Every structure is written in C-alpha cells, then in structure tokens.
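So the sequences go chain by chain: A and B. The C-terminal position of the first sequence is numbered 222 in our numbering, with every residue numbered one higher than the one before it. The C-terminal position of the second sequence is numbered 371 in our numbering, with every residue numbered one higher than the one before it.
These are computed hints drawn from the structure, not numbers from a lab.
Derived EDC-like pairs (lysine to aspartate or glutamate); straight-line CA-CA distance at most 20 Å:
1. Lys150(B) - Asp117(A)
2. Lys144(B) - Asp112(A)
3. Lys150(B) - Asp112(A)
Note that this is a predicted model, so its numbers are computed, not measured.
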Amino acid sequence: MEALWLSMRLAACVAVILLVIGTPVAYGLAFSNWRGKFLLESVVALPLVLPPTVLGFYALVAMGPRGPLGKLWIALFGHGLAFTFGGLILASVLYSLPFAVQPLIASFEGVDRKLLDASAVLGAGGLRTFCRVILPLSLPGAVTAAVLSFAHTLGEFGVVLMVGGNLAGVTRTVSIDIYDHVQSLEYGQANRMALVLLAISFVVLSVVYAVNRRVWTPWAAK
Amino acid sequence: MGGEVNATMLAARIRKERRSADASSFVLDVSIEVSPGITILFGASGAGKSTLLDCVAGLARPDEGQIAAGGEVLFDSARGIHVPTPKRRTAYVFQTLALFPHLSAEENVAYGLTELREEERREQVEAILKAFRVEKLGKQRPDKISGGEKQRIALARSLVTEPRVLLLDEPLTGLDAELKASIVDDLRAWNAAKGIPILYVTHSREEVDALGERVIALDNGRVASTGRPMDVLDAPRRKKLAQAAGFENLLSATVLDLREADGVMRVKLGDSACEIEVPLGYAAAGSRVRVAVRAGDILLATEPPRGLSARNVLDGRIVSLEQRGTMAMARVDCGIAFIVHITPGAVRELELTAGRRVWVVLKTHSCHLVE
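With the rest of the complex left out, here is chain B (with noise of 0.2 Å):
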C-alpha cells in the first residue's frame, strides 16, 4: 500500500496460510484497493474470495498485512493491530443471508442499531425498507419471506448501520436476471449518497457483465488481474507468450467445455484424443488455445495411480531417456509428446527405461494458457 489511501476506500494487503487436512495448503497473497462503488470480485471456488471478505470483516485473521477502510486502520501485523468484528463497521452479507429467523424482518433490520433511541431507530428502519421495497414484509419472519426479498432485507440490515464497507459474498445467487437487476438498481441508488466500497463477490461471468465496472479476478489466492470487465476476462490469467519462454510443454488445445462453477475447462490436446481439464480462459467452447506445462511440474507413474488430487491422468509410453546432469529427461508419447523432468534416483527406483509404460499426471493448475 503506502502513499496516499483515500478516506472511503478500502485498501488490504493479505497474506494467509490456510493447511488442510491432507496437508495441502493454500495461500490466500493479495494487495487489493477498492474505492466507492461496486467492485467485483471474481475467481472460481477455492481461489480466495471468502477468505478475503473474512479477513476484511475480521472473522478470520491474516497472517501478514494490513488492512484499512474509511480512513481507519482494521488490521496491521506489523503494529499488531487487530480490530475486533464487532467494531469494525464492515457490513457483510453472507451467502446464506443468515438472517434471525426468530426475529422478524424490522427486528433484523433493527438489530445493529443499538445506539439510537427508539423513535430514531424506527425512522430508519423504515426508510431503509422503503429504500429496499420491502416495508410491508416488516412484521414477518424470515421463513415467510420469499427469496428475492429475503435479500433486500439483508441488504438493508446491513446498510441501516451505516458501515465504512459493504461485503457481498455472492449474495443473488439463485434470483433470475430481472429480479437481480431491480436489487442491485436499489443498490447503486442506496450508495450515490453514501459512495462506500463494496466489494461484490461472484464467480458468475453473467453477473459480471451485469454489475461490472470494475473487476478483480482472483485465480489460486492470487489477484491475476484488475480492470474493466472487458479487459479482464478476456483475458484473465493468459500468459504473454514471453513469459512462458520456460515452459518446455507449449500444447495446442480445443476448447471442449466450460465448468464454471469449479473455474475450469476441458480442453482436447492436439489432434489426439487426450482430454485434460485447465483453469477456466474465457475462450468459447470450440475455441483454439495454448497450454504450457513446465517439465518438471509433471509427474510420472508406472501403475495407474489411484486417490490423486491431481484431475488429469494420461496414459504413455517413455519414447527417450536422457540423463543431464543431475536431471533426467524423458519424452512421453500419450498421443501427443511431452517432456517430463524427472530425478535420476526416481529413474532408478522406478526402473524407467525407454519403451516403458508409464501415466502422466497433470495438476490443473500447472497447466497454463499462453496468449
């Protein structure tokens, strides 16, 4: 961060380690600005956006940052500066909305003004279910309530208290476009006069185009780019073709289908019959592209493996093995050639020999796409 931060904006630099049961970890490592108005952030599930808006609210702690909005700092390692939840002032709407289902609507929407005395809190949870169309569900509980609605009062719970942030954490999932539109309308309108950052969570390319002005993508914990819709996903996560000068695997791909929900796609290699699944390009079903895969982030197995989390295994046989130094190299035919760089002690456990058959195990997210 450093330099000047706007008042009203929120600026967060992130670093988080989350470890898994299988001993996998994921690094949530982001530097982020956000200023008044609505910014999308986008990625496939798991690339991190919870994880932000937690650590932005305070429900989850970083490792590493500093995190600040309308001026006041919420979270600073460095000074061990850690706001509680409560204090800090960021609305957050949750996915499942998480409204009190033993308190009606107006007592939800009453619920974070605590400092007001009770005519003043009236007035303004009236005003606010107005603002958001819904002042003639105030007496009904959450589970009478329909669902586009269920979201207004979410909404307006969240914004009657006034906070420096507004998180959304996909919180129109499941409402047709329409109805969507009327929803985020009454948004923009709310903050013209307010002008706070919020920061709008979906992996929905629909709603992107939908909402969007601007966009952060987030792709593995790492924010891949910034900008305009258009600039963005079209190409979001694309290698420029220098940079991929170290990658010894540059393949030509068909783009068979889009798997937006799990952030990939399959593509078919070549003109041979090996599928293997990316991370999702934005290119159209149908669509050419290239993949890079660096030799060495390639595995090699001489049974069929089984239990992997890894999504891509092909099935070859070792056309050449050729020892470099403390390095071997080993072309693998699946229909389409690769190079694997291997250990000459893995060589040797594994009695490698050209001829052999052997399986070729891809992570998705060691194969890259090249402009």
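This is chain A alone, in the form it adopts within the complex (with noise of 0.2 Å):
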C-alpha cells in the first residue's frame, strides 16, 4: 500500500504542477500566429511518442552529479536529483505534457472567438478575458487535462524505472511494485495493486468522457 500511496501523490503533484504550466502553453498555441509554432508543438507531443525509457534516460542525464540539472539541484539544496521523489516529479510532468496540454488547447480554441471579441469591445484586457471567459468555458477541458495527466502518471513504468530506481517509501511507485511482485512470482499480491489500478483508471476516464458529454456541467442552471 505504500507504493499506491506513493504514486497517488506522484500523480497529484505532477496534475497540479501540469495545470499551472500547461495552461499558458497551451493559450499561447492556441491563440498566437507565430510562425514557428509548430516547433513547439511537436516538442509538447514528444513524449506520445517517445518509448519512455528514451525519456528516462535523457532525464537521468540531465538530472545525474555532472547533468545539468543535477548540478543546479546539489548548488541549491545540497543533494542529488535524480532516484529522489523530486527528480520523479520532473520526469513525470516532461512525460505526461501533452495530456495536459493538448485537452487545453483544444477547449481554448472551442471557445467562440465573437466572446473574445465582446470582451475586449467592453473594455477587457487579454488577462481579464481569459480568468472570466475563456477559462469558465473551458473548464471540461481543464477537469480533462488534470485526470488525464493524473491517470498518465499513475500508470507510468518506464521513465519511473530509470529515473527513479526502486527505493522504497521513496521512488517505488504502484507500477513498478506490481512487476516486483510478478518477479518474485507473488501473483495474488500483484493481482490486488493490479485490480485496484484498474479500477482507478477506469474511474477515472469516466469523469473524463462524462465532463466531456456534458452529463453535467460546473456551470449547470439551477
């Protein structure tokens, strides 16, 4: 149980984390014409199609005594990055980007553009007309784009794997506790984190298609 408990906060941090930086990506993919947007586009959706040791192991690096970001790490806090919970957090926010992402962008950009155009009619800077209409009226995507990246990273494996080793209590997460188990050939406890993981992502992905159906809606009349 302590590796569900461990990967549940893994997977909240890494959704809370992801709302905060993917939502100003994704305004800025939505809504700017830069020509050279396509670039960032295709870094953002990277990590659908990298196999997640490829990730994993650039993380490492980078996280490692002389990586870059391990080097930053022990100036400021005086120990290393990578096999600690932090260095988990990292990898995973990299990993699960475009789940978050790209359900923002796409809400951002179904919001009818004459609302835009009202807003800033009646006097709305940018910043106004994204905290009072855009994001309102995104909010399906918003609940989207945070169960998502939750469910993503609660299912992760493989940058877990080479990022953050297999310490107990500190970076042995649910699914790596299961292929343990299954190593060890102890099939019924493997069974019940397994059992428990799906139900999980299942639940989950219910809120995900229902918020989307509008079975119901934040802003249902009374």
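Reassemble the complex: the two chains are provided individually, in unrelated frames, and hints are given to aid placement.
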C-alpha cells in the first residue's frame, strides 16, 4: 500500500504542476499566430511517440551529478536529483505534458471568438478575458487535462524505472511494485495492486467522458 | 476629413485591402462622418459593412486612414496611432449578440463595469435593464432567454459602459417588425439623453424604411451615396447617363426578381431570352432599367467556362471582328449584341474569327445601372 500512496502523491503533484504550466503553454499554442508554432507543438507532443526509456534516459543524464540539472540541484539543495521523489516529479511532468496541454488547447480553441471580441469591446484586456471568459468556458478541458495527467502519471513505468530506480517509500511506485511482485512470483499481491489500478483508471476515464459529454457541467443552470 | 469635427461625432477615413485565398482582392475605401443619432449603413453582403465596423472598434486594423470618435483619435496611420480595442469605448453589438453563456443577464451587463464600486454597479445594471424592459430576467442565463429579450440584454450590456459610439451589426435580424420597432424605440429613448452616434448595419430595405433618418449606402467597398433613405435608396448605385458615356454597351432590360440578401437582381436583356445578374438597384420587379457594360470588362471564351466566379455566361456567335490599332473589337450576338474589346494576342491564340461560337462572360459588378 505504501507504493500506491506514493503513486497517488506523485500523480497529484504532477497534475497540479501541469495545470499551472500547461495553461500558458496551451494558451500560446491556441491563440498565437507565430510562424514557428509547429516546433513548440512538436516538442509538446514528443512524449506521445517517444519510448519512455528514451525520455527517462535523457532525464537521468540531465539530473545526474554531472548533468546540468543535477549540478544546479546540488548547488541549491546539497543533494542530487536522480533517484529522489523530486526527480520523479520532474520527469513525470515532462512525460505527461501532452496529456495536459492537448485537452487545454482543444477547449481554448473551442471558445467562440466572437465572445473574445465582445469581451475586448467591453473594455477587458487579455488577462481579464482569459479569467472571466476563456477559463470558465474551458472547464471541461481543464478537468480532462488534470484527470488525464493524473491517470497517465499513475500508470507510468519506464520513466520511473530509469529516473527513480526502486527505492521503497521514495521512488517505488505502484507499477514497479506490481512488476516486483510478478518477478518474485507473488501473483496474489500483484493482482491486488493491478486490480486497484484498473479500478482507478476506469473511474478516472469515466469522469473525463462524462464531463465532455456534458452529463454534468460546472455551470449547469439551477 | 480635415476641418472641424464635432466632439460627439464619429469620423472615419479607412482604406483596407483584404486578399482572399483565390487571390481576388477586396478593397474597402471609405470616408464617413456619423453625427449623433441613428445612421444606417446599408449594403449587400460583402459590401464591406462589417469590415468597416471592425476597423472602428479596433478589431481590424486599416492599412491607411484616420478614425476619431468623441473628440479622440482612435486610429491614425500617419501618426502610428492604434488605440487597442479595450481602450476605445466603442460599443459593438454583433449579429450573434455574443452574450457570455456562463454568466447571467445581470453578470453579462455588469461585465464592462469594472471601475465602479459594487453598489453603484448594481444600480447601473438595474437601471439599464429597466430601460430596456428586461429587469425581470436578471438572474437568467442567455440560453433560457428568448430572442428579442436577448437582443435587449446585448444592447444594455454595450450601452451601460457609456460608450462614445455604438456599432450595431444587424442586431435585430430574425425579429418581427413590431418587436424590432419597440426595441428601436427604447434605443432612441436611451440615446435622446446620451446623444452618441449609432451606426446601424443592415441589408434589409424594410429596416431602412422603419429606422431611417440618415443612410450611408456601401457598394463593393465604397460609399455609393449618403442622405435620407428616400434619396439614397431610390437611386443608389445608378449612374447618371453622362457618366455612362464611356460604356460601349448600353442595354435596356426588364427586372425579373430582386435577391436582396445577395445584393443582386436578375434582369432580362431587351427582347432577347438573355438573363443576367446585376447589382441590386431598388427597382421593382417588372420595371425597366438600363444596364451599361464597358467593352473592356467583358471576357470571351471559346469553350463553355466552368468554375468561374463571374455570374453571367451567355452563349453567342462572333458577328464581326475588326482590328483597331493595338486592340481588336468584336461584335458578339447572344440574342442581343455586345461590343467586346480584346487584345490581338487573344484573337490569335483563341483563333477567333467571324462566325465562331463563343461564350460571353460578365461579372455582376461590371454591369452598371444607368438612370
């Protein structure tokens, strides 16, 4: 159960961080007409096609004591970043980035442009338009982004193994725990964990689809 | 512009070119002055009405020109002034109204009132909802509100911010005449005290008759005429005969039907069976008009043309072909005779000779109505 709790904590941290950094990235991608935009789009989508071990490998190199991130981290905090919970969060944020950014882009782009014009004509600048019009109308997208990045982080394996190793209570997430149990032929314990993960994934995806089908909406009329 | 501009007036001189994907370009090139009260901006779809409003509101940027309202310069290409939309205080009601779907009517109306204290804001919202007779709907969201009432709320939302100018882009389409009249009465009552210029876009002749004090008629990006509705609409876009001197083809025609939404009407040429589309001229169906076409504005094709934007293609035969210096003049009989100017190169390459079957192509806007 320790592993499950660790995974939940990791996934929650990653979901929150991704909402915070994913929102401005998605805003830029949805609304700017910058010509080099496709490059940023490709970078954001990269984790979708890259094997997790490749991403994990580069993350590990960067975080190692001789990597740029590792050196910075040691200078700031006195210890390395690899094989720590912080390192796991960082690698997972990269790995789940498209799962947060793409639903946000889709929902930002779905907002009627005339509403943005109306907001500007009524005296609202970009930030106010974003907070009062774009964000409230994109709530289903934000929920989808949070839920998907949570679920995706919860189930990751390759990146965690590369960056985090397998330290009980620090970096041993539930998917690694399951792998361990299978390796030691403890199928009963593996099955218990796997079942929990399956149930969580199902619930999470149901939430996403329900929100997007408008089974309920946050601003439903009283 | 130049000279004295009244402090409450809207004055705009705008030139803006728009290129579309098919490389055809549209140029808006107008100079207008709008004094307090309702002025109608009239013209067919595509005449440039919405582009003009977008430029005034700052949603589009003219290539060149000046825009001033309420005594303040909003745009001046020469001085590099382009006041951003939120700072212009130009109210704009779109055809789709664009009410915020997640906010109640009250919240929609209060949206533009950021600088007021809470209770002042509430008072103003209440007052304007009352002025437009929708005070009972304050708590409702737009999707629960009927058509005419939504229009009232959109007007209230724009006007509560004390704008310098009000721009209305066909805001009352889809309402019956009685409802329209009552909303316009409320708008007039409100503006009696404020006295701001209101630019009201429509392409409906009926609306012009119902509203009109002053009309600016736009045609193909230019101001065709301005004045009282009677003066403008009974003879807009018609050229005086003298102006038609340079037109080689002057044809009499009978109006078949009007298509106001497209800004065109169909006419039958002379006694022939030829029917063509010409710009809307506010003649009744059945009345007789004259259509002038420049010989140089006509295209000839040796095969039935396809995929053209030109609306008029007539089947005919070349009667005679004369070389006149660097130009060739063809007479083409399509049941009615056209004079067409073409280049000698075209004559050679298309192997045009007298007796050859050709198709005459006329752009709608190359057909000019003549008084």
